[in-house]
Amino acid sequence: MPKSVFTLILILFTFAVSAQEKDQVNLVSSEVSFVIKNAGINVDGSMEGLTANILFNPKKPQKGSISGTLDPATIKTGIGMRDKHLKNEDYFDVENYPQIKMQSNSLRKLQGNQYEGLFTLTIKDITREISLPFTVTEENDQFIFDTSFEINRQDFGLGDDSIILSDMVKINIRLTGTP
Amino acid sequence: MPVHKLAASVLLLSVLFIAAANYLPDIPKTWDMKEIKRFHVPPYDRKVAVTYVPEEIYYALPEYKLYKTYPVYIYDKMPEGYLDSLKSLPPEIAVDFSKLTTDEDWIEAGRLVFEMPPNRSPYNALTFESAWVDSVGYETTKDGILPYLSYIQTPEGLKLGSTSCANCHTKILDNGQVVVGGQGDYPFDREFAFIIKKFDFPVTASMSTPLVYAPWSDPSVKEAWAKEDFVQTLMSTPPGVMTRQGTGTESPVAVPSLFGIRDIKYFDRTGLMKNENIGDLMRYAAFNQGMDMFTQYGAYIPMNGISSHSQITTEQWDHPFGYDAGRYSDEQLYALAMYLYSLEAPENPEKSPAEVLARGEVIFAEQGCVTCHTPPAFTNNMLLPATADFEIPDEDKETLDIFNVSVETDPYLSTKTRRGTGYYKVPSLRGLWMREAFFHDGSLTSIEEVLDPARLEPDYIPTGHVPVNKVFQGVPGHPFGMELSPDDKDALIAYLKSL
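Chains H and B are the protein sequences, given in the same order. Per the working numbering, residue 1 is the first one in the first sequence, and the count goes up by one each step. Per the working numbering, residue 1 is the first one in the second sequence, and the count goes up by one each step.
It is worth saying that the hints were derived from the structure and are not from the lab. Ideal Cβ positions, reconstructed from N, Cα and C, are used throughout, including at glycine. Just so you know, not all the hints are guaranteed correct.
[Claimed, not checked] Here are the simulated DSS-like cross-link-like pairs (lysine-lysine), alpha carbons at most 27 Å apart as the crow flies:
| hint | chain 1 | residue 1 | chain 2 | residue 2 |
| --- | --- | --- | --- | --- |
| 1 | B | K29 | B | K274 |
| 2 | B | K489 | H | K84 |
| 3 | B | K265 | H | K37 |
| 4 | H | K76 | B | K489 |
| 5 | B | K265 | B | K397 |
| 6 | H | K170 | H | K101 |
| 7 | H | K84 | H | K22 |
| 8 | H | K37 | B | K489 |
| 9 | B | K47 | B | K274 |
| 10 | H | K101 | H | K124 |
| 11 | H | K170 | H | K87 |
| 12 | H | K124 | H | K84 |
| 13 | B | K142 | H | K87 |
| 14 | H | K124 | B | K397 |
| 15 | H | K22 | H | K101 |
| 16 | B | K65 | B | K99 |
| 17 | H | K84 | B | K265 |
| 18 | B | K397 | H | K76 |
| 19 | H | K124 | H | K37 |
| 20 | H | K84 | B | K397 |
| 21 | B | K142 | B | K68 |
| 22 | B | K470 | B | K227 |
[Unchecked claim] Derived DEER-like restraints, expressed as beta-carbon distance ranges:
| hint | chain 1 | residue 1 | chain 2 | residue 2 | range |
| --- | --- | --- | --- | --- | --- |
| 23 | H | S46 | B | P375 | 39 to 45 Å |
| 24 | B | E483 | H | S46 | 55 to 61 Å |
| 25 | H | I163 | B | G298 | 39 to 45 Å |
| 26 | H | N152 | B | A49 | 51 to 57 Å |
| 27 | H | N88 | B | E315 | 51 to 57 Å |
| 28 | B | D96 | H | Q154 | 52 to 58 Å |
| 29 | B | D487 | H | T127 | 56 to 62 Å |
Isolated chain H (complex conformation) (with noise of 0.2 Å):
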């Protein structure tokens, strides 16, 4: 290879790891909550344990990716027994399916600070393709990503038809990094 070429590379390899490394958003924090209406009534839960690796640059969004797991065994709903439940296998099936996965496709920016992303969702071994939208907010040098989005419990296996429980469920999740 001549000279020339392989240092072309490398120049161009250095400036791609350093523009990701630039883009790298650190995660300092998260929130994960979740509404679902039971007889009527508002449940509200949360989840923990998340993982996330963002590249995002306000930018340039379609160049940035986002992926994170979760752990539906932290689940909380207020009434222990009922989270016990959602771990069985007729919920999460915590056992086998220690994570819940998302990781976006496509990012794409809206308008202000309101942008688009399609990621696929994987519940259990079910993996669909969701569209979600989400805002970015610069504060005090850190970037607060908020999005909020409903699914269709059932389209992850997650419960079966019932007469009380609604099937869509509200999620929240709030990411604090650091660029």
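Chain H is fixed; fit chain B onto it per the hints.
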């Protein structure tokens, strides 16, 4: 009237008459082995083969004769000459099933089946003097009637009848109202304890083993209790609870309400039998009115002196509950089921303010009660594992309605007894206002006690059934609705009592 119109009228009347005279409902066959196997939930120990009495042996047993019955009074209130007048009566068949023409006829016949006692003892086997009534704690009507029992005039003479459906499923409210189909309050266990004391009966293993032993029980179940311990344990059994056959002296069972039974998908606290059609209700009655003592578990048949189904004959019959040799006819059981379907709960006297009930309903939902105790039956009709480590067999996931979380109440009944399946069903909360026994073993006696976190503490002594030989660690499980503010708990209780 023109001739053709007259002819048409006569024809129509004839058709109606024939239709009425031949009104025969489509009565399922009770002892249908395929159906019997379908409606049973497998036993806790899946390795034990369960074999039921063969059809030909069941149907070879004589049918019970439905003789007319008469009220039993406590002695202080018995009309003068009452027993003598009964003794002078001829035996009388109470129902001619061939003459039933309407649903109402069948329901009324079912009422008589409900009251018909299969146990027919000498009329003076128990005498209900005041001291005896007070000691045992029988409830009576204002007229002094014990509606759980009956006198029955048979060709062999006047008998004291017991162990009818009415014996277990009749309740007397504080105001004296008789509630047929409510959680019964006949003091079976206390009566048994007093009989042991009064007649100085020995407490032997052969007395209790047929009642409570299963091949998967602890071996100690076959050992005789010390008399004092046995009596004290029986004495602690509250109204609405009984050490029924197939349960355990350590874990008797709370009697269920029969109101709305058509909506309930599983019978028994352990969901032992399915309720998918009227035939299942008939089968349940046939089994639980004595035939279940002949069911074979591996090599074991609970019935005294029977080691093979071929030995089930009228001559060898020696039922531990004193049942006459025989069985209900399919017609009797169909009528009984029709009657049970027709039962309606009495008016609920609990009247809380609407705003309190509304608040209670919200708390019922917020606390997640509604997930299992789902309206309108206030049960989701599902089975819960009795323990958190019960491994649900794959076949159960296909054939049973399983809600895969244990509320971790005492697992004894569902893991150590013949009625054990490894599951407890979600009980309906309807009619909770008139219950005296809570949890499957009746260890608690009020909804307030159920929601009291103190019951979870190791040093808590419950107000209901307390086996003396058991190291009590409080009353575990179902820890819901306990950490509410006093006002919210009051509202929840008011709502629960309104159901």
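We went through each hint and held it up to the structure:
1. B:K29 to B:K274: holds, 16 Å
2. B:K489 to H:K84: Holds, because 24 Å separates the two Cα atoms, which is no more than 27 Å.
3. B:K265 to H:K37: holds, 26 Å
4. H:K76 to B:K489: Since the Cα atoms of K76 of chain H and K489 of chain B sit roughly 23 Å apart, the hinted pair holds (cutoff 27 Å).
5. B:K265 to B:K397: Distance ~16 Å between K265 of chain B and K397 of chain B Cα, so the pair holds.
6. H:K170 to H:K101: Distance of about 17 Å is within 27 Å: holds.
7. H:K84 to H:K22: violated, 42 Å
8. H:K37 to B:K489: The given pair, whose Cα atoms are some 22 Å apart, holds under the 27 Å limit.
9. B:K47 to B:K274: holds, 21 Å
10. H:K101 to H:K124: holds, 9 Å
11. H:K170 to H:K87: holds, 19 Å
12. H:K124 to H:K84: Judged against 27 Å, a Cα distance of about 16 Å means the pair holds.
13. B:K142 to H:K87: violated, 55 Å
14. H:K124 to B:K397: Holds, at roughly 19 Å.
15. H:K22 to H:K101: The given pair, whose Cα atoms are some 25 Å apart, holds under the 27 Å limit.
16. B:K65 to B:K99: Since the Cα atoms of K65 of chain B and K99 of chain B sit roughly 16 Å apart, the hinted pair holds (cutoff 27 Å).
17. H:K84 to B:K265: Roughly 25 Å separates the two Cα atoms, so the pair holds.
18. B:K397 to H:K76: The hint holds at about 26 Å.
19. H:K124 to H:K37: holds, 22 Å
20. H:K84 to B:K397: holds, 18 Å
21. B:K142 to B:K68: holds, 23 Å
22. B:K470 to B:K227: Holds, at roughly 15 Å.
23. H:S46 to B:P375: 39 to 45 Å: violated, 28 Å
24. B:E483 to H:S46: 55 to 61 Å: violated, 19 Å
25. H:I163 to B:G298: 39 to 45 Å: Given a distance of about 41 Å, which is inside 39 to 45 Å, the answer is holds.
26. H:N152 to B:A49: 51 to 57 Å: For A49 of chain B against N152 of chain H, whose Cβ atoms are near 44 Å apart, the range 51 to 57 Å is violated.
27. H:N88 to B:E315: 51 to 57 Å: holds, 53 Å
28. B:D96 to H:Q154: 52 to 58 Å: holds, 55 Å
29. B:D487 to H:T127: 56 to 62 Å: Cβ of D487 of chain B to Cβ of T127 of chain H: about 47 Å, so the range 56 to 62 Å is violated.
Hints 7, 13, 23, 24, 26, 29 from the earlier list are contradicted by this structure; the remaining hints agree with it.
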